[in-house]
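Number of protein chains: 2
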Amino acid sequence: MNFSSKTIENAVNALSGFPGVGNRSALRMVMYLLKRPVEEADNLSRVILKLKTELMQCTICCNISDTPVCSICNSVNRNRGLICVVEDMMDVMAIENTAQFNGMYHVLGGLISPIDGVSPDELNFEELLNRIQNDTPDEIIIALNANIEGDTTAFYLARKLQPYNIKISTISKGISVGSELEYTDEITLGRSLTARVPYNI
Amino acid sequence: MNFSSKTIENAVNALSGFPGVGNRSALRMVMYLLKRPVEEADNLSRVILKLKTELMQCTICCNISDTPVCSICNSVNRNRGLICVVEDMMDVMAIENTAQFNGMYHVLGGLISPIDGVSPDELNFEELLNRIQNDTPDEIIIALNANIEGDTTAFYLARKLQPYNIKISTISKGISVGSELEYTDEITLGRSLTARVPYNI
Numbered sequence: 002m003n004f005s006s007k008t009i010e011n012a013v014n015a016l017s018g019f020p021g022v023g024n025r026s027a028l029r030m031v032m033y034l035l036k037r038p039v040e041e042a043d044n045l046s047r048v049i050l051k052l053k054t055e056l057m058q059c060t061i062c063c064n065i066s067d068t069p070v071c072s073i074c075n076s077v078n079r080n081r082g083l084i085c086v087v088e089d090m091m092d093v094m095a096i097e098n099t100a101q102f103n104g105m106y107h108v109l110g111g112l113i114s115p116i117d118g119v120s121p122d123e124l125n126f127e128e129l130l131n132r133i134q135n136d137t138p139d140e141i142i143i144a145l146n147a148n149i150e151g152d153t154t155a156f157y158l159a160r161k162l163q164p165y166n167i168k169i170s171t172i173s174k175g176i177s178v179g180s181e182l183e184y185t186d187e188i189t190l191g192r193s194l195t196a197r198v199p200y201n202i
Numbered sequence: 002m003n004f005s006s007k008t009i010e011n012a013v014n015a016l017s018g019f020p021g022v023g024n025r026s027a028l029r030m031v032m033y034l035l036k037r038p039v040e041e042a043d044n045l046s047r048v049i050l051k052l053k054t055e056l057m058q059c060t061i062c063c064n065i066s067d068t069p070v071c072s073i074c075n076s077v078n079r080n081r082g083l084i085c086v087v088e089d090m091m092d093v094m095a096i097e098n099t100a101q102f103n104g105m106y107h108v109l110g111g112l113i114s115p116i117d118g119v120s121p122d123e124l125n126f127e128e129l130l131n132r133i134q135n136d137t138p139d140e141i142i143i144a145l146n147a148n149i150e151g152d153t154t155a156f157y158l159a160r161k162l163q164p165y166n167i168k169i170s171t172i173s174k175g176i177s178v179g180s181e182l183e184y185t186d187e188i189t190l191g192r193s194l195t196a197r198v199p200y201n202i
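In the order they appear, the protein sequences are chains A and B.
Here the first sequence stands for residues 2 to 202, numbered as in the working numbering.
Here the second sequence stands for residues 2 to 202, numbered as in the working numbering.
Certain hints may be false.
Heads up, the list lumps identical chains together, so a pair's fine if it works in one copy or across two of them.
[Claimed, not checked] Listed next, the in silico EDC-like pairs over lysine to aspartate or glutamate satisfying Cα-Cα at most 16 Å (straight line):
| id | residue 1 | residue 2 |
| --- | --- | --- |
| 1 | K174 | D186 |
| 2 | K174 | E123 |
| 3 | K7 | E127 |
| 4 | K7 | D186 |
| 5 | K53 | E41 |
Quick caveat, the hints were computed from the structure, so don't treat them as lab data.
Looking at chain A on its own, in the form it has when it is part of the complex:
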């Protein structure tokens, strides 16, 4: 692109670093900002900096948090006997949005992935094992992506948890609610057949 202004070129380059944002979208963002009041750019600039300076990791569940202990770990209304192990904050939010879970979380901070160079010692397994030793929860729910990285991490975690003699479960896989059999991919459909459950009237 031919930029007539260096300031705009720098802004476009910085914004187009975001995933899914190309040069054109970045330029549209810049043009939008130019039309908005200076307070809005000021606020945006401030919140971006705060992301890197004011956030920390919750000392209990390892989720991203504003405070040393996050709001979920701090809550008195949650079941401390149940720990749901997830990959990252997005998964915590997804499960919280279901309003079906009232236990605690443990955020691994990633999934084991030899291709991306992520090994188990970069993830928060130690913190989880310490929690189990100290708090002796009743059940660990493994809620990881249904792909190779998720399966590998789940297997690794289950092996690590074996000595603790604790109930381990994982979220069910099967056809999506509301979807039709004929449009479900064969692997999912096959898995929902082998993992069939009793029909309760």
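Got chain A sorted already, so can you dock chain B onto it with the hints?
For chain B alone, coordinates are given in the frame of chain A:
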């Protein structure tokens, strides 16, 4: 969305103000920034502020510029007898990218649009008329969008230019280069018929 962190919620809200960026994309942007080095967030924060503090309007062509006179108006290699009137900086960039134009620009800063409440006196017509009186260019090319606002603005401008006894032209409309007749919409095809040009061998 259920945010466990106020800092993240603020950042998502600020980023989702951008056109075409929803809550989900904004959250993905935030997660991306969290994984990047602090210098990157710092740089992004700085360039956003600069957009509102360091940019000005070129005193000649009214384009957005880093300096009181923009690089195009400052160039000695351009034909000062030719002024191309466009809506905004994006159009200047689009025409520059064609590498087919070596004249000057005049940026109106918008199009006349009663629906959006944009009246002619909010646009840079006066600046253009002053330029014409002082510099007496040979030709004005009207290069505006091929829609109602563009046509209205072009008509208004042509009327304003009439007393100056100057050559006025506009960019040609017709079927896109590389496109097929049968897939061209009927208005464009009709216009390309009535606006047919001599076939030069």
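Hints violated by the structure (numbers, ascending) | 2, 3 and 4
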